[in-house]
Each structure stands twice: as C-alpha cells, then as structure tokens.
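**Q** Given the structure of chain A, go ahead and fit chain B onto it with the hints provided.
Respectively, the protein sequence lines represent chains A and B. So in my numbering, the last spot in the first sequence is 567, and the numbers never skip. So in my numbering, the last spot in the second sequence is 305, and the numbers never skip.
Keep in mind that the hints were calculated from the coordinates and are not lab data. Positions of the beta carbon are idealized from the N, C-alpha and C atoms, including for glycine. Each hint should be verified, as a subset may be incorrect.
Covered by chain A, according to a simulated footprint, are these stretches of chain B (three or more residues, beta-carbon under 8 Å) [as the list claims (entries may be wrong)]:
| hint | segment |
| --- | --- |
| 1 | 30–42 |
| 2 | 48–54 |
| 3 | 84–94 |
| 4 | 151–165 |
| 5 | 240–254 |
Lysine-lysine pairs mimicking BS3-like chemistry, simulated, CA-CA at most 30 Å apart [said to hold, decoys possible]:
| hint | chain 1 | residue 1 | chain 2 | residue 2 |
| --- | --- | --- | --- | --- |
| 6 | A | 401 | B | 39 |
| 7 | B | 39 | B | 52 |
| 8 | B | 80 | A | 401 |
| 9 | A | 338 | A | 401 |
| 10 | B | 39 | A | 493 |
| 11 | B | 80 | A | 427 |
| 12 | A | 315 | A | 427 |
| 13 | B | 39 | A | 85 |
| 14 | A | 315 | B | 39 |
| 15 | B | 57 | A | 427 |
| 16 | A | 497 | A | 85 |
| 17 | A | 497 | A | 473 |
| 18 | B | 39 | A | 427 |
| 19 | A | 338 | A | 296 |
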Amino acid sequence: MHKTTFQSCVILVLIFTIATTTGCQQQSSPYFGTVKPQHGAQELWINNSSEPEWLDPGRCSDSTGGEIIWNTFEGLVQAHPATLKPLPAIATHWDISDDGRVYRFYLRPSFWSDGHPLTADDFVFALQRLVDPQTGSKYASNGFIFHQGLAISRGEAAVDTLGVRALDSHILEIELVDPLPYFLNFLSFYSFMPIPQHLLQNLQKRGIDQDLWTRPEHVVCNGAFRMTDWQFRQHMTFEKNTQYWDAASVKLNRVRVAMVESSTTAMNMYVAGEFDWPGGSTSLPAEFMDHLERYKDFHSHPYLGVYFYWINTTKPPLDNPLIRRALSLAIDRDSLVKHVTRGGQIGSSDLVPDGLAGYEGLHLPVYDPVEARRLLAEAGYPTGQDLPGVTLSFNTSEGHKQVAEAIQAMWQQELGITVELENQEWKVFLANAEQMNFQISRMGWIGDYADPYTFLELLTSDCGNNHSNWSSKTYDALLERANQHNDPEERLKILRKAEAFALEEQPLIPLYVYTRTQLIKPYVRGIWGNHQDRHPWKYMWIDESFDPYEESSDPVSKSRKDIQVHE
Amino acid sequence: MIRLLVRRVLELVPTVLVIVVASFALVRLAPGSPFSSEKEIPAEIRQKLEAKYGFDKPLPEQFVRYLGNLLQGDLGLSTKYPQRTVNEIIANGFPVTLTLAAVALLWSLFVGITAGIIGAIRQNTVWDHAAMTAALVGISVPSFVLGPLLVLVVSLRLHVLPPAGWGDWQHVVLPGLTLGTIYAASIARLTRGGMLEVIRSDFIRTARAKGLSEKLIVWRHMLRGALLPVVSYLGPAVASMLTGSVVVEKIFNVPGIGPYFVDAAFNRDYFLVMGIVLLYAFFLLFMNLVVDILYGFLDPRIDIS
Numbered sequence: 001m002h003k004t005t006f007q008s009c010v011i012l013v014l015i016f017t018i019a020t021t022t023g024c025q026q027q028s029s030p031y032f033g034t035v036k037p038q039h040g041a042q043e044l045w046i047n048n049s050s051e052p053e054w055l056d057p058g059r060c061s062d063s064t065g066g067e068i069i070w071n072t073f074e075g076l077v078q079a080h081p082a083t084l085k086p087l088p089a090i091a092t093h094w095d096i097s098d099d100g101r102v103y104r105f106y107l108r109p110s111f112w113s114d115g116h117p118l119t120a121d122d123f124v125f126a127l128q129r130l131v132d133p134q135t136g137s138k139y140a141s142n143g144f145i146f147h148q149g150l151a152i153s154r155g156e157a158a159v160d161t162l163g164v165r166a167l168d169s170h171i172l173e174i175e176l177v178d179p180l181p182y183f184l185n186f187l188s189f190y191s192f193m194p195i196p197q198h199l200l201q202n203l204q205k206r207g208i209d210q211d212l213w214t215r216p217e218h219v220v221c222n223g224a225f226r227m228t229d230w231q232f233r234q235h236m237t238f239e240k241n242t243q244y245w246d247a248a249s250v251k252l253n254r255v256r257v258a259m260v261e262s263s264t265t266a267m268n269m270y271v272a273g274e275f276d277w278p279g280g281s282t283s284l285p286a287e288f289m290d291h292l293e294r295y296k297d298f299h300s301h302p303y304l305g306v307y308f309y310w311i312n313t314t315k316p317p318l319d320n321p322l323i324r325r326a327l328s329l330a331i332d333r334d335s336l337v338k339h340v341t342r343g344g345q346i347g348s349s350d351l352v353p354d355g356l357a358g359y360e361g362l363h364l365p366v367y368d369p370v371e372a373r374r375l376l377a378e379a380g381y382p383t384g385q386d387l388p389g390v391t392l393s394f395n396t397s398e399g400h401k402q403v404a405e406a407i408q409a410m411w412q413q414e415l416g417i418t419v420e421l422e423n424q425e426w427k428v429f430l431a432n433a434e435q436m437n438f439q440i441s442r443m444g445w446i447g448d449y450a451d452p453y454t455f456l457e458l459l460t461s462d463c464g465n466n467h468s469n470w471s472s473k474t475y476d477a478l479l480e481r482a483n484q485h486n487d488p489e490e491r492l493k494i495l496r497k498a499e500a501f502a503l504e505e506q507p508l509i510p511l512y513v514y515t516r517t518q519l520i521k522p523y524v525r526g527i528w529g530n531h532q533d534r535h536p537w538k539y540m541w542i543d544e545s546f547d548p549y550e551e552s553s554d555p556v557s558k559s560r561k562d563i564q565v566h567e
Numbered sequence: 001m002i003r004l005l006v007r008r009v010l011e012l013v014p015t016v017l018v019i020v021v022a023s024f025a026l027v028r029l030a031p032g033s034p035f036s037s038e039k040e041i042p043a044e045i046r047q048k049l050e051a052k053y054g055f056d057k058p059l060p061e062q063f064v065r066y067l068g069n070l071l072q073g074d075l076g077l078s079t080k081y082p083q084r085t086v087n088e089i090i091a092n093g094f095p096v097t098l099t100l101a102a103v104a105l106l107w108s109l110f111v112g113i114t115a116g117i118i119g120a121i122r123q124n125t126v127w128d129h130a131a132m133t134a135a136l137v138g139i140s141v142p143s144f145v146l147g148p149l150l151v152l153v154v155s156l157r158l159h160v161l162p163p164a165g166w167g168d169w170q171h172v173v174l175p176g177l178t179l180g181t182i183y184a185a186s187i188a189r190l191t192r193g194g195m196l197e198v199i200r201s202d203f204i205r206t207a208r209a210k211g212l213s214e215k216l217i218v219w220r221h222m223l224r225g226a227l228l229p230v231v232s233y234l235g236p237a238v239a240s241m242l243t244g245s246v247v248v249e250k251i252f253n254v255p256g257i258g259p260y261f262v263d264a265a266f267n268r269d270y271f272l273v274m275g276i277v278l279l280y281a282f283f284l285l286f287m288n289l290v291v292d293i294l295y296g297f298l299d300p301r302i303d304i305s
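One chain only, chain A, in its complex shape:
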C-alpha cells in the first residue's frame, strides 16, 4: 500500500512539474497567453457571453443582442468609437428646429445587404414598430421620446400618428416630445436602427414567421457586417458586408463570435488563443484581477454604470432621511472597491458618474463616519443598537454577497446597527422589488446614453424603475424644467441641482461606478476604451506585423493614430 501511495505521489509530482515549468515560461512573457493569431488574416475571434434574446433592433433589450445589432445595422448617426460623439452614418447631415424639438435628417443613398435601396420609410417603419404594442418590445419606452410614442404604446393613438415622417425617400423628420439635448447621442442606440420592411413583407407573403427574420437564412442588414452562420448557443459568424456604404474602410473580413457564459472559461480560451478579445460584455473574474493587472494586454476603463442600494423610504425606520444619510456616510467606499470588488471600480456617493461631457459631478463625501454618527444621534439613535431591524436584500451572486457582507460589517462597526442579509433568487428578488417588499435592495444601473438624465430619471415620481417609493414634486419639476431648456449648459446646471436635492434625501445609496476590465491580444487594433463600452468591429483590424519581442504600445491608445474616423 505504501508503495502504491508512493507511486501515485510520483505521478502527481510529475504532472505538477510539467505544469509549473511550462507555467514559468508563460509568466516571463509580458502578455497573458499566446500572442500569435490562431486564425486567418483579418479575422477576429471574440466572445459575446451568452445567446442573445433578440437580434431584432425593435425587440432587443439585452447587451449581447445590442453588440450584434450595432455591428450589423447602422442608424442615422453612429457613436465615435473613442469619444462617443454622434457622427454621421446613414444620415449625412441634419437640421434642428429653433425649439430643438424637430430634427430633419438627410440620408445618403445606401443599400441593404441584399442590394435593395434603403429609404427613409425603413426608419419610419422601424420606429413605428418599436412603439406599436403589437410588437411587444421590452424597450418600447425608448420610443416615448418621439411625439405620440407613449400614446401609441398604450393603444390610445394610431401608429401612423408617430412623430417620425418620411418627407421624401431620403429625408426623415423626427418630432420629439421635449428638446432633448442628448437625442443625437441616444439615436445611435440599437433600438433606433432601420428595419428592412421589404424583407418582412416578403416573408409574410411566403408564409414564413416574421419573427424569424434575423436568422442567417433570411437576414438582411445595412451595417458593416452580415451574419452568415448562427450555431445556437455556440457561435455566430459574420462577414464583411460588401453593400455597406463605408465598406472601403472596413478591414476585417470575418468575425467569429462565440457565446461563452463562464468568465473563467472565456479567460482560458483567451490564453489558448481561441479569443482575440473575450468581448466587451464579459467581465473578468475578480479573483484573477491582482494577477492579470501586470500583463500588457490587460486594460480597464470606467463604465457608465452605477452600483447602488435602493432604500424603501416608506418603511420605518428608513422613512427618516437622517438615518438614510447616516447609512450612506458610514460606508467606506474606497475600502470596498479596493478589498472587496477588486476590479478597479471607483467608489462614489454620486448617482451620476463622472465623464459625461459638460456635467460637473457632485463628488459627495465617500466616507464620513463622524458625520454619520452625528446624523444617527440626531435621528434619535445615538448608539444605533435600539434601531428597529433592517434587512438588506440582494440577488444570488458571490459578488453581491461579498459587498453586502462588507457593508453589514461597516454599519455594525461604525453605527452599531445590526443588519440582516437576505439572499434571493433573481426572479424572486425582482418580484419583491416590484412590489416594494424590501427595506434595502441592491441594484445596478447602466446608462443607455451619455447624459445625466439616464440616471436622474430613476428618481422621478412616475418612473417605473423607481424602487424607493420616494417622490418629490420639486425634483420632478426640476427635471421637467431641465428637459424644456434649450441651453445645454443651463440644463446641466439644473440637473446637477436636482441630483444634489435628491441625494440630500438619500432615497438610494450609490456605492461605486463600474469599470470594464478587458484582455485584448496585442495584435488587435482599433479598440478604444469608452464609458459606454461600445466597440464597433468596423474600426478593428489585425496587425500582422506585430512582434511580441518589440517594445509595443498599448493597442487601445495606438489605435487612435491608426484609424481615420469619418466626421
């Protein structure tokens, strides 16, 4: 028996010797994994984390579907890959009315991938379809910015009364409810892409279910790439769309998009060279962060998303704003992001993250235990111990649990408050949030467009996503006034005032601003880190002359010099 154990030990030692010696070779490289492309020239292999629900722009409501739509369809404007500033796309230029409510877009002559001409009617069709209740679009609310959008979705007005009209085949007029200064930025969102009306009609004529129009055997698109293959839950293949108006500047010939859900598996595939870029929507496992940071192909940038806790402001004792503020100030956010989340997140007490053009963040204190104790004493609980029970709910996830446990400890330590944690399965968690059946509840919010309004709207009285039961006429009026304002600077000042007003009442506790951590092979060029995590494949290319032994620069910054963006 001893002899056998000895033999087994020898085998184990052998395996680990092989593993570690080859491991040592890898560690000496400044890159994480292989840096030799495993595929043909100008081909890109990426990950899109999961099977998208819809690839139909009018119905899509998830980031995995959005990633595909952004690269296979093109709207009136496109976001600049680095600055996200709206650039001409299908529209070459546009006029804006004096009151800022009516936009007139002039469309370039362009074609669908089947050679059919694209006209303003395709946009009218797409946007009417978005708000039409018959479509059942989860993102129909994106169309409420258009005149009559809300009424149509409620079935109170006819679809053709929507404020989107084709003045001729290449002029499109859009009438908005309010003069929204962020409209052009928002317009590059995937919900507003054109839809090939002729294809849907054709399918109907042939008796084929119209819902299947985005399958590769049918799909017709107008973006830089078109889908040629879709293996359910495995991968999709895209090829350069030769009918695309700007096809001459597209360098990649082929893009293979896999759907790998596990971030660890995706990372392994990256190491083995099966991914050039594990994709924008795949976050890297937090436990590897310290290890990955040393490699040259590791990148991180802030992301337009906030992690926060909703407070149900009608349930005692949290109906008292002093206690809510005390809870917020007792959280050491810097320590939270440094020791718990560890992904380079930025601790913040603001609802609106930094980085939105023209908006000066509030930069509220991220940690002030002395003031927190003072507020709690003012509320009548000097030691915190006699405060009635408080429960903090979060949906099942190791990350959320760790954050909740850290905050539970901070509240106990700084304020003497005992908080109970409640871990709930996702759909149960959502049902409880909807029915306001909680005291404190975790949430994250990703901005749909680069404007503070995408975050501030959350706290308006009639916002269905407001899970605080907090409502203020003053706040609503401030936001309303801001949206009516035609002067962008003045508008942002009003929004800032509104944010300060709301956070004084603390209906939610912001914790940190998200970051995106990425691994990008050094031979991939044309990826910019931007806060909406939009990375059009159109600008990407494979640098075949890349030499790992040469001192090379960060591909993210090198890209800027290489790519000419049409302005």
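**A** Same frame as chain A, now just chain B:
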C-alpha cells in the same frame, strides 16, 4: 417479452401524467414572471407578451392547452429564446448532451471494468491497491475540480486539446473524461466486488475443471456474473451523467441541455422547464426499463417475463 414491454410502457403513462401535473403546478407557484426584469416593461406591452404565450388565461385553461399541445408533440415556445420552440432547443442540445454522456460512459466502462478486473484477479497485489487508490481519488474529486485541472494541464500548459467549445472530436475529450471519471471509479469498485464474489463460485471451478483457458473464464464466465451490479448501477448512472452534465457543460461551454435545468428555472422559462423535466423523467423511466431487460440477459436466473 412483448407483453411485458407493453405493460411496462403503459405503466409509464400515469407516472408521466403525475410528473406533468406536479411540474406545471410547481413552476407556476414560483414567484416572479418570465417577463420581469430590472428595467420596467410598460404594462400594455407586458400584457401583449403574456397573451402571446397564453399566460393571460386562467391556469386550468393553460394546463389543458399545454396538455393538448403535448399530446401533439408540441412543447411550446421558449420565453428566454423567443425565436425558438422548446422542441427545437431540445433537438439542438440533447444530441450534444447524449454524445458527451456516451463518451463519458465508454470511458468510465473501459477504465472502470479494466481496473476492476485487474484488481480482482490480482487481488491484494500492488496492482489491486493502485487501481483501488485511483478509484478512491476518482470518486473523491468532483468534476468542478477535475475539469479546471485538466484544462490547466492539458490545454493551457501542454497545448494538446482545446480548453472549451464544441464541434470537433477534440472538444469532446476533456469534458468526456471529466464527466466519466467519477463513474469509472465506482464501476471499478463494483466490478472488482462482483468478480471477487464470482471468482470462488462452483461454476468457475467447473469451468476450470473443464480445462478452459483463464482468459475465457475471465471474459465469458466471471465477467458476465460480475457485471450484474455494474448493470444495475448503469441505469441511474447514465441518467445522472445526463443530468449531472450541468457543471461539466458550463466549464467546457458545451451547448447541451444540462445548463437549462438550472437556467430555465431561474429565468421562469415555463415551457422550457417543463420540456426538460419531461425529457429527463422519460429518460430515467426508459433507462430503468432497459436495465430490467438487460438483467434477464445477463443472469439466467432472472425471469423478466
């Protein structure tokens, strides 16, 4: 024989019916809806979505409709993958899971039986101890440890096989080994035990007395008797390879139906949950039937009719 089969198949009907009723009730009792999300969906739109799937009708009516569709072989539409029917999703994923389970089964049988035979005929030697120690390790190491270890050594260090994915034969090897090893270990122990029981019985002594070669005795006489416990273990083992592939399929990103077991329930994808539960229930019942029949062939003392 045919009468037995017909009787056993007919016996399955009430069992399946109870499973349909119970799973339908359970899945609907769970709080939350397939359409709830962190971003609010306007009420009118939500009603349209519910109407599309018939969720706006009273529950008994929905059940009758589901049963009617089921009898026609229609498992309904998925809410998570709205462009796919449950039939299509299962048709896509089940062959993948079956392939994986088949590889795992072959691997576990090959390794398990070989190790078991060696252990038994070389009882209490180094060979026996080595095989049984390996079996003990195999049983003790869960797939979520073995899988990543294999990836680390075989894929990332030795660069022999891909770390994940599906499509080529290379993709089946690591998940197959990961899934099969734990069963190989059990099979080795069962085979060894079975062989040791048979090895001293009268019919083996008779075979030896007849002057048969040792090889023939082992293969034809000993193994046949020794495999009985293995066969009865295989029924639930195959079923558990199929259901237990959840973890392995996640680690190796295998597009089988394993992950739906958990994900479809989390997503409240009602029809997909029902479809998967029914498929597995049916498979489990079917495997039990197969095992009962195999018993008759392996042990002449058992009269299956």
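**Q** All hints are to be evaluated individually against the structure, with a verdict given for each.
**A** These are the hints, each one checked on the structure:
Residue count for the segment 30–42 of chain B with a Cβ under 8 Å from a Cβ of chain A: 12. That meets the three needed, and the coverage hint holds. With 3 residues bearing a CB less than 8 Å from a CB of chain A, the segment 48–54 of chain B meets the requirement of three and the coverage assertion stands. For the segment 84–94 of chain B, the proposed coverage by chain A is satisfied: 4 residues have a C-beta within less than 8 Å of a C-beta in that chain, meeting the threshold of three. Counting residues of the segment 151–165 of chain B whose beta carbon lies closer than 8 Å to any beta carbon of chain A gives 12, which meets the minimum of three for the stated coverage.
Figure legend: the segment 240–254 of chain B, annotated as covered by chain A; annotation consistent (4 residues with Cβ-Cβ distances under 8 Å, at least 3 required). Simply put, residue 401/A and residue 39/B have alpha-carbon atoms about 22 Å apart, close enough for the 30 Å limit, and the pair holds. For the given pair, residue 39/B sits about 20 Å from residue 52/B by alpha-carbon distance, which is consistent with the 30 Å threshold. The hinted pair formed by residue 80/B and residue 401/A meets the criterion: a straight-line CA distance of about 26 Å does not exceed 30 Å.
For the hint pairing residue 338/A with residue 401/A, the CA-to-CA distance comes to about 16 Å; that is within 30 Å, so the pair holds. Between residue 39/B and residue 493/A the alpha-carbon distance is near 27 Å, which keeps this suggested pair within the 30 Å criterion. At roughly 13 Å between alpha-carbon atoms, residue 80/B and residue 427/A fall within 30 Å of each other, so this suggested pair holds. With a C-alpha separation of about 22 Å, the suggested pair residue 315/A and residue 427/A falls inside the 30 Å cut-off, and the hint holds.
Distance restraint check for residue 39/B and residue 85/A: the Cα-Cα separation of roughly 26 Å lies within the 30 Å cut-off, and the hinted pair is therefore satisfied. Between the alpha carbons of residue 315/A and residue 39/B the distance comes to roughly 23 Å, so the proposed pair stays at or under 30 Å and holds. As the CA atoms of residue 57/B and residue 427/A are separated by approximately 21 Å, the hinted pair is consistent with the 30 Å bound. Taking the CA atoms of residue 497/A and residue 85/A, the gap is about 25 Å. The hint holds against a cut of 30 Å.
Taken as a hint, the residue 497/A and residue 473/A pair is honoured in the structure, with Cα atoms around 14 Å apart against an allowance of 30 Å. Of the pairs offered as hints, the one joining residue 39/B and residue 427/A holds, with about 13 Å between alpha carbons and a cut-off of 30 Å not exceeded. Simply put, residue 338/A and residue 296/A have alpha-carbon atoms about 21 Å apart, close enough for the 30 Å limit, and the pair holds.
Comparing the model with each numbered hint stated earlier shows that all of them hold.
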